[in-house]
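Fit chain E to the known structure of chain R by using the hints.
Given next are the chains, with one letter for each unit.
Number of protein chains: 2
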Amino acid sequence: MKSFSNVMVAGLGVLGAQIAYQVAYSGANVTGYDINTGALDDGRHRLEQLRKRYAHNPGTRDPGDAQLALDRIKLTSDLQEAASGAELVIEAVPENLDLKRTFYQKLAPLLSPTAVIATNTSTLLPSDLAASTGRPEKFLALHFANEVWIHNTAEVMGTPATDPTIYQQVVSFAHEIGMIPIEIKKEQAGYLLNSLLVPWLQAASSLFMRGVAEPEMIDLTWRTATGAPTGPFQVFDVIGIRTAYAVSVAGDQTQQEFAAYLKEHLLDQGKFGKESGEGFYHYPAQTQNSPSS
Amino acid sequence: MKSFSNVMVAGLGVLGAQIAYQVAYSGANVTGYDINTGALDDGRHRLEQLRKRYAHNPGTRDPGDAQLALDRIKLTSDLQEAASGAELVIEAVPENLDLKRTFYQKLAPLLSPTAVIATNTSTLLPSDLAASTGRPEKFLALHFANEVWIHNTAEVMGTPATDPTIYQQVVSFAHEIGMIPIEIKKEQAGYLLNSLLVPWLQAASSLFMRGVAEPEMIDLTWRTATGAPTGPFQVFDVIGIRTAYAVSVAGDQTQQEFAAYLKEHLLDQGKFGKESGEGFYHYPAQTQNSPSS
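Going line by line, the protein sequences match chains R and E.
In case it helps, this note's numbering puts the first sequence at residues 1 to 293.
In case it helps, this note's numbering puts the second sequence at residues 1 to 293.
Hints should not be assumed to be uniformly reliable.
Unchecked claim - Okay, derived cross-link-like pairs now, EDC-like style, lysine to aspartate or glutamate, Cα gap no bigger than 20 Å in a straight line: (1) K186(R) <-> E257(E); (2) K2(E) <-> D163(E); (3) K106(E) <-> D128(E); (4) K186(E) <-> E257(R); (5) K106(R) <-> E87(R); (6) K185(E) <-> E214(R); (7) K186(E) <-> E214(R); (8) K186(R) <-> E214(E); (9) K185(R) <-> E257(E); (10) K186(R) <-> E216(E); (11) K185(R) <-> E214(E); (12) K185(E) <-> E257(R); (13) K185(E) <-> E216(R); (14) K186(E) <-> E216(R); (15) K185(R) <-> E216(E).
Read the hints as simulated data drawn from the structure, not as lab findings.
Pulled out of the complex, with its shape left as it was, chain R reads as follows (with noise of 0.2 Å):
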């Protein structure tokens, strides 16, 4: 590692243990902070779970590796303790604007004045982060898309106050972690990959809703003709229906009716997407792993 070999990332939620495990597996020291014991609890089932993926996967280099990663990683509730040498910190805590300034003020002084802050935020602009930071010129978004192994990109973003060495640093570290870096050269609320996926899909469930075509029709009219492995309803599936709702919840009258069809026709069912078994889709069981790992 070359650009920063102490990480600190803050939150072991779904995402953030990805990024916590894909850090280390790249050869990173790694300190996984959460609030309390139950959530570390949480973070390191995760990661545990990770490392099976890991250690199983085709493309690993050596199963062995995937134990050696989550070797690196330490675990802490004790936020000084999280802070102490890192030179980097990836936030990756709850989506709540109040939340993530808090945490950053709370940080901030335990920090070296040389460390750099990037936030995983899907929602916010990290301008509305930056001041709680103390450090401006050293804070941008890093933002990773769930499933970093498969999905791997890793969107770039500063604001007008980033240091653009900084940013340089945070590419090269991105790529260094094995991420496509995309970067990104001006604020853009849903950076690139949801400011173009979010019309795709509200025009899809637009259609269904309007009764123009069924999903099945809608995800083969995509395939066939932009010779894409997945549809706009697969990537819903993907992206999970819980996700799916709360986005479509907040839209305009259409998207509105596709929320109260979420609702009634999948997640009431239980039918969260991919990940559930069901969604718009059923998929067959996930292999299990070796039942004595």
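Relative to chain R, chain E alone:
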């Protein structure tokens, strides 16, 4: 061929010629109609190019089939002769409401009362044309995509007046000629494909115009995150820059800025997209057909 054995294709432009050839290739007799000798000569040239392309396609069952297909196409600029014996007319005349209506009014009295008419219109609704055909119950849209042998969707869209039996007959026909029929249940401007493509392409061009990211970065994001073979600017190159210009110049301010960009940086430089060898990207020269053919 079960559904229709004698098919008239009206208009032998780029897509009309492809439709005529594809229908003949699947075994039906085709009469290709265009307005005068010059237009017929252009159509004949396009059909001959298609013969070469199909004959050299590794997927072709037998290179001889390509010549047999050509032999099944009769060309004429005599509308009465073209209409005689036609069980299905596929209309691919220029995209102009008055022109299409006038064409149908001339054609209708020459056709058998049982003949079905399908329009390949991209931008009009079949409802706008139904009355002029004199047989609204036997009229619907059958919309092909350029390069019918690759992007082989055939979107089938009726009006409220279309007989459901006729609709299903055309769905079967689309299947018989090697297309993937896309069944659309309600009239929709842009069918399914353009209804999905346009908002996605506009989102991409808007990110570029607002200085958020470069086309290459936007395409990379989409390909990486979704596994698709092409991002939006690669799709612009396939659609063609002239078409991209025509669509965006009619849009909002950002889209008009994009149109101006396309004109200055691509069209005025002779860069028309993939077909011309350059658009947003550069494409290596296509393989020439053998000089003796």
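Checked hints:
1. For the hint pairing K186(R) with E257(E), the CA-to-CA distance comes to about 18 Å; that is within 20 Å, so the pair holds.
2. A distance of roughly 19 Å separates the Cα atoms of K2(E) and D163(E); the hinted pair therefore holds under the 20 Å criterion.
3. Distance check on the hinted pair: K106(E) and D128(E) sit about 17 Å apart at the alpha-carbon level, within 20 Å; holds.
4. This hinted pair checks out: K186(E) and E257(R) have alpha carbons roughly 18 Å apart, not beyond 20 Å.
5. Simply put, K106(R) and E87(R) have alpha-carbon atoms about 17 Å apart, close enough for the 20 Å limit, and the pair holds.
6. This hinted pair checks out: K185(E) and E214(R) have alpha carbons roughly 9 Å apart, not beyond 20 Å.
7. Restraint check: the Cα-Cα separation between K186(E) and E214(R) comes to about 11 Å, which is no more than 20 Å; the hinted pair holds.
8. About 11 Å separates the Cα atoms of K186(R) and E214(E), which keeps this hinted pair within 20 Å; it holds.
9. About 19 Å separates the Cα atoms of K185(R) and E257(E), which keeps this hinted pair within 20 Å; it holds.
10. For a cut-off of 20 Å, the pair hint linking K186(R) to E216(E) stands: about 16 Å separates their Cα positions.
11. Distance check on the hinted pair: K185(R) and E214(E) sit about 9 Å apart at the alpha-carbon level, within 20 Å; holds.
12. Between K185(E) and E257(R) the alpha-carbon distance is near 19 Å, which keeps this suggested pair within the 20 Å criterion.
13. With a C-alpha separation of about 13 Å, the suggested pairing of K185(E) with E216(R) holds against the 20 Å cut-off.
14. Taken as a hint, the K186(E) and E216(R) pair is honoured in the structure, with Cα atoms around 16 Å apart against an allowance of 20 Å.
15. In summary, the hint linking K185(R) to E216(E) is supported, as the alpha carbons are separated by about 13 Å, within the 20 Å threshold.
Hint compliance for this structure: no hint is broken.
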